[in-house]
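Colleague: Starting from the two chains in their separate frames, assemble the complex, guided by the hints.
Sequence lines, in order, name chains A and V.
If you read the first sequence in UniProt numbering, its first letter stands for residue 1, the second for the next number, and so on.
If you read the second sequence in UniProt numbering, its first letter stands for residue 1, the second for the next number, and so on.
Derived from the structure by calculation, the hints contain no laboratory data.
No false leads were slipped in.
Here are the computed distance ranges between Cβ atoms for each label pair:
hint, chain 1, residue 1, chain 2, residue 2, range
1, V, Y320, A, Y208, 19 to 25 Å
2, V, F204, A, E194, 48 to 54 Å
3, V, L321, A, S441, 39 to 45 Å
We put the beta carbon where it would ideally sit given N, CA and C, even for glycine.
One letter stands for each residue in the lines below.
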Amino acid sequence: MTKLTISRRGLIKTGAFVGAGLAMPTIFTSRANAFTNAPMGSTVTLGFNVPQTGPYADEGADELLAQKLAVEHLNGEGDGGCLNTFTSKALKGNGILGKKVEFVTGDTQTKSDAARASARSMIEKDGAIMINGGSSSGVAVAVQGLCQEAGVIFMAGLTHSNDTTGKDRKANGFRHFFNAYMSAAALAPILAKELGTDRNAYHLTADYTWGWTQQESMQAATEAMGWKTVNNVLTPLATTDFSSYIAPVINAGADVLVLNHYGGNMVNSLTNAVQFGLLDKMVNGKDFKIIVPLYSELMAAGAGDNIKGVLGSMNYNWQLQNEGSKAFVKSFGEKYGRPPSNSAQTCYAQVLLYADACERAGTFNPCGVAEALEGFEFDGLGNGKTMYRKEDHQCFKDVLVVRGAQNPTTAYDTLEIVEVTPVDHVTYPPNHPMFGGDDASLGTCNAGA
Amino acid sequence: MDAIILQILNGLDKGSAYALIALGLTLIFGTLGVVNFAHGALFMLGSFCAVTLQRLLSLSFTVVDPTKKDFLGNPLKVDTPYVVDWFGDAAGNAIINWSVPLAILFAIPVMLFIGYAMERGLIKHFYKRPHADQILVTFGLAIVIQEIVKYFYGANPIPTPAPAAFKGSLDFGVMIGFAENTIIYPYWRLIYFVFSAVIVSAVFAFLRFTTFGMVVRAGMADRETVGLLGINIDKRFTIMFGMAAAVAGLAGVMYAPINSPNYHMGMDFLVLSFVVVVVGGMGSLPGAVLAGFLLGILESFASMNEVKSLIPGIDQIIIYLVAIIILLTRPRGLMGRKGVMEE
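Bound conformation, chain V alone (with noise of 0.2 Å):
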C-alpha cells in the first residue's frame, strides 16, 4: 500500500510538469490551431530564467587573498558577490539562496515578451500553412534556441538549487499511519505539484471568468463569428501565445531545482507533453490537465519494479502504449470535442 501512495505522489509530480507544459501546447493549438514544437524550448527557456537570475544575483568582484594559493600556486583570486557586499554576509546570501523564486518575477516578463515575439515574428507567417509545415518550422525554432543556450551556458547541466529552507524531505507516511520513512517526498516537488495546481486554476479562472477569456473561448469555438462581431481576436490570440509561453516558462523556472538545467532538457519533455495533447484532447485545456496527471501517475507505477518484473521495458514505453490504445479507440483524445481528429 505505502508503495501505491508512493507512486501515486510520484506520478503527480511527474504530471505536474507534463499538465503545464500540455496546458500551454493544447492553449495555442486551440486558439491559433498551431502545432507548436518549440513548446519544449519555451520550458527550457523558463528554467534558464531561473540560471540567468542565480548568475545576474552572484555577480562578483574578485579580490585576490596573497595569503591562498590557487591550482597553479599563483595567489587565490576570491570572489565575492556584489550582493553579498552591499547587504551583508546574511541578506546577500539569503538573496542568492532564494534565486529560483524570484525568477518566477524575472520569467513572467521575459517569457511573455519571447512568445510575443516568437508568434508575430515566425509563427504567424505560417497559420495558413499545413501542420506539416508548422511542425517543421517550430521544430528548426527549437533546436536554433537550443543551440543558442548552449553556445552561452555549455552543454552541462547548471545546478540551480532550491532555498535551503526546502531542502529535506516530508515523511508524508507518519502523518498518514505509516512507519517512519516509508513514504517520504521532497518538500520541493510538494512545492511544485502546489504550484502547478495554483497556475492551472489562474488559466481557467481567467479564460472562465474574465471578458478576454471569455472572447479568447469564443474565438476557439468559432473564429469567424467572433471575427465578424467586430473583435481583433488575432490580437487576443497573440496575446494567448504569450501567455502560454509564460506557463511553459514558469513550469521550466520552478523545475530547475529538480533536475540541473541544460540545454537538452526542453527535448526530454516535447515528445511525452504532445503525447499527454494527443491523449487529453487536441485543443481541451482540461483534458491536457487530466492526461497529464494520468500519464504521470501511470509511468511512475510502471516505473516499479513489481510491474517491470511481469513486462520489462514496460517503464519506457507504457505512455505511448497508452497513446496507441486511446488514438485506436477514441481518437478524439479523453476531452477533445466530437469531430476533432475523427474525420
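Just chain A, with the same shape it has in the complex (with noise of 0.2 Å):
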C-alpha cells in the first residue's frame, strides 16, 4: 500500500499551479472577448424581445415587423427607408461595422419572468449583442436590468412609465419611446385651452408602476393648471368589467374622467365609460369629457367608436410630414400594406440608432456604444430633432397630442394631430422628483465578459 504524504509547501506549490491552470482559459476569453457576445465572424446577431403571444401579440408582431425592416435597410436591401432621411450618415447599408446584420426573437408574453428568461436565452445561446423591443413597463424595467447585469446595450420598446429612465434607471439602457411625464406635460394647455382651467377630474389607474407614475404626472399637471382632482381609483390588472368603478363617477361631482389604462384595460374602461353615456352628460354646466393619456394605434381599433373625440397623446403617428416619417410610412407600408404604429416605429428607430451608434464608436463594446449615444443629437427618423439625454439616457423629443376622429376615411386614420407639442415644453430636469429625485443614478456601464 502506498503512503500518501502532503506537505505543507507541496500543497501550495500543487494549488498555485492548479489555479493557474484553471485561470488560464479565462484570461485567454477576457482578452478575446473584452465584451459579452463580441462578434467573431462576419455577422452581428441583434435580440428583438416582443410580445408574440398573450394580450399584446398584435402590438408585439408590429414590432417585429419594423425590426426586420431596420434589419433589411441596415444590410443594403428595400429601399433604405430612414437611412435616406437620417442626419447621421454613418450607416452605409452594408450592416454594421462590416457585419451582416442578423436576429433572433423572443417572446416577452408581456410577462416579467417570461421576458427575462427570452432575452437571457438571446444572449447566452444566440450571441445577441443587444436587446430590443417589448410593451410594457414591467417588462422593460425587468430586461433593462437584466441587460446591466449581462453587460448589453438594451433598447427599451413601448415603455411610458417614468421609472424606465427615472429611479430604475441604468447604464446599458436606452429610452427612445416618451414617458408619462411628458404626455402630461404636453397635454395639459391643450386640456386648459379646451376644457377650461376649473375642470374636476376623476382618475381610474391601472393598479401597476405605469398607471401609478401616469396618475401622478397627470395630476401633478392639471393641479397645476387650476383643476381639482376628485379622486383616484387604483383598479386591478385584470379587471374586465369596469361599470363598478365607472358608476360612481358623475355622482362624485367629477366632470372630467382621467383613464390610466393601457391596452385592454383601456379598451374596456373606455367602452364601458360611453356605454355609461358619460360623454353625453352636462356636469356642472359643462360637457362630461373623458381624456386617454397614452394611445396607441391597435388600442384605438379595439375601441371602434367610442374614441370618437376623446384626447390622448402618442409618441409617434404615421400622419407626421416630416422627410423622415414619410420615409419610413413609404417603406413599411408598401412593405405590409398598411401604415405603421407609434412602437413599430419607435423599435425601428432603435435599432438604427443603435447600428448608427456602433459604427460613430468603432466598437460593439456596450460601454462605446453607450458613450456614442449619450448626448447624442439626431433628426430624419419621423419624430424630428431628438436627443438622447446623457443623464437618464431618455430621448427627448416632441409630444404629439391626438383625439379621436370624429369621421375617419379609412381604419388607420381613427386618430388626428391636434398638436405637436414642442421638445422644451416636455423636458424636466433628471433629478425630477417624479424620476427618482437625487437618488436616481445610472450606475456605470457594464461591458459584461
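Modeller: Here is the structure:
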C-alpha cells in the first residue's frame, strides 16, 4: 500500500499550479472577448424581444415587422427607409461595422419573468449583442436590469412609465419612447385651452408602475393649471368590466374622467364609460369629457367608435409629414400594406440608432456604444429633432397630442393630430422628484464578459 | 343610498354573466359528472359568433375612388358592404347595426353543434376517468380553442357595438325620486340582465315542464335507475351538453357589446364561474343562479371606494374569500345536495 504524504509547501505549489491552470482559459477568453458576445465572424446578432403571445401579441407583431425592416435597411436591402433621411451618415447599408446583421426573436408574453428568460436565452444561447423592443413598463424595467447584469445594450420598446429612465434607469439601458410626465406636460395646455381651467377630474388608474406614474404626472400637470382631483381609484390589472368603477364617477361631482389605462384595460374602461353615456352628460354646467393620456393605434382599433373626440397623446403617428416619417411610412406601407404603429416606429428607430452608435464608436463594446448614444442629437427618423440625454438615457423630442377622429375615412386614420407639443414644454431636470430625485443614478456601464 | 342602488344594479349585471356561465357548468356537472374547464372558451366562442356575423354582414366589394388618396398617396380603395349595395344605405346599414341581436339566431345552432361535437368527440372518453384528468383535458381544450381563435381573429379586442337604438343610458335615479344623473345605467346592460333572466327561466321551464327535462332530472338524481327503465340517458345528457354550450354561447353573444371580444375573455370568466358553482353547490341549478347574482353584487360593493379604503384590495379577493368561508362552513354550497363534497 502506498503511503500518501502531503507537505504544506507541496500543497501551496500544487494549488498555485492548479489555480494558474484554471485561470488560463479565462485570461485568454477575456482577452478575446472584451465584452459580452463580441462578434467573431462576419455577422452580428441582434435580439428582438417582443410579445408574440398574450394580449399584446398584435403590437409585438408590428414591432417585429418594423425591426425586420430595419435589419433589411441596415444590410442594404429594400429602399433604405430612414437611412436616406437620418442626419447621421455613418450607416452605409453594409451591415454594422462591415458585419451582416442577423437577428433572433424572443417572446416576452408581456410577463416580466418570461421576458427576462427570453432575453437571457437570446444573450447566452444565440449570442445576441443587444436587446430591443417590448411592450409594458414592467417588462422593460425587468429586462433592462438583466441586460445591465449581462453587459449588453437594452433599447426599450413601448414603455411609458417614468421609472424606466427614472428611479430604475440603468447605464446599459436607453429609451426612445416618451414617458408619462411628457404625456401630461403635452396634454395640459391643450386641456386648458379646450376644457378650461376649472374642472374636476376623476382618475381610474391601472394598479402597477406605469399607472401610478401616469396618474401622478397627470394629477400634477392638471392641478398646476387649476383643475381639482376629485378622486383616484386604483383598478386591478386583471379587471375586465369597469362598470362598478365608472358608475360612481358623475355622482362624485367630476366633469372629467382620466383613464390611466393601457391596452385591454383602456379598451374596456373607455367602452364601459361610453356605454354609461358619460360623454352625453352635462355636469357642473360643462360637457363631460374623457381623457386617455396614452394612446396606441391598436387600442384605438379595439375601442372602435368610442374614441371619437377623446384626447390623448402619442410618441409618433404615421400622419406626421416630416421627411423621416414619410420615408418610414412609405417603406413600411409598401412592404406590409398598412401604416406603422407608434411602437413599430420606436423599435425601427432604435435598431438604426444602435447600429449608428456602433459605427460612430467604431466598436460593438456596449460601453463605447453607450458613450456614442449619450447626448446624441439627430433627426430624420420620424419624430423630428431628438436628443438622447446623457444623464438618464431618455430621448427628448416633440410629443403629439391626438384625438379620436369624428369621421375617419379608413381604418388607419382613427386618430387625428391636434398639436405637436415642442420638446421644450416636456423637458424636465434629470433629478426631478417623479424620476427618482437626486438618488436616481445610471450606475456604471457594464461590458460583461 | 344612491351608491348602494347603483352597485346593486352593477352587481345584477355582472351576476347575469356569472349566472349564465355557471348554469351551463353546473348543468354539465350535474348530468355528466364532468368538470368542464373549457366552458369559458364556449362563452368566448359565443362572443366570436357575434364578431363573425358582424364580419359576414359587412363583407364588402372594393371600389377605387380616384378623388381620394390612401396613406401612400395611391387612389383610395373604398369598401362597400354587399348588404348596403343590395338593400340601400338605410336598410343595409341597419342590418349591420343589428348584427349582435341577429347573432343570437346564428349562435344557437353553431353552439349546439360545437357542444355536441365536443362531448361526442372528446369528453365522453373521460367520463370514467378521475376529475383531475377531466380538468386537464378540458383545460387543454380551452387553450387550443383560444389559440385557434387568436390565429384567425388576432389578439386585439374587436369592437362589436350594440344597435344604435340601445346606446346611452337610462336615468334610473329620476324614476325613483333622485336627482338627475345620480343613478344612470346603460340600456344594453339592462337588456343583458333581462336577457339572462329569460334564458335562466327558459332552462328551468324546459327541465321542469317537459318530458325530456323530467327524464334529465331523473337521470341527474339516479342515472342507473333511469337506464334500467330502458331510457337512453346518455343521448339526453349529450343534448344537455349541447344546451349548456348554447347557454354559454348566448351569454357571450350578448356580452360582446359590453366588452370588445378577445380570445382571452373566456379565461377571465372561467375561474370566477367555478367559484360561483362551488358557492352555489355543485350540480345545483338554482344554486348557480343565486350564487352568480350574489357574488356579482358582492364584487360590485367591494369595488366601492368606501369599502376599499377600509380593506385595501378587497375588490380582488372578495369572491375567493366568500368561497373559502362557504367551503369551510357549508362544503356542499348554498343549495347543494346533502352529501355532495361533504364526504
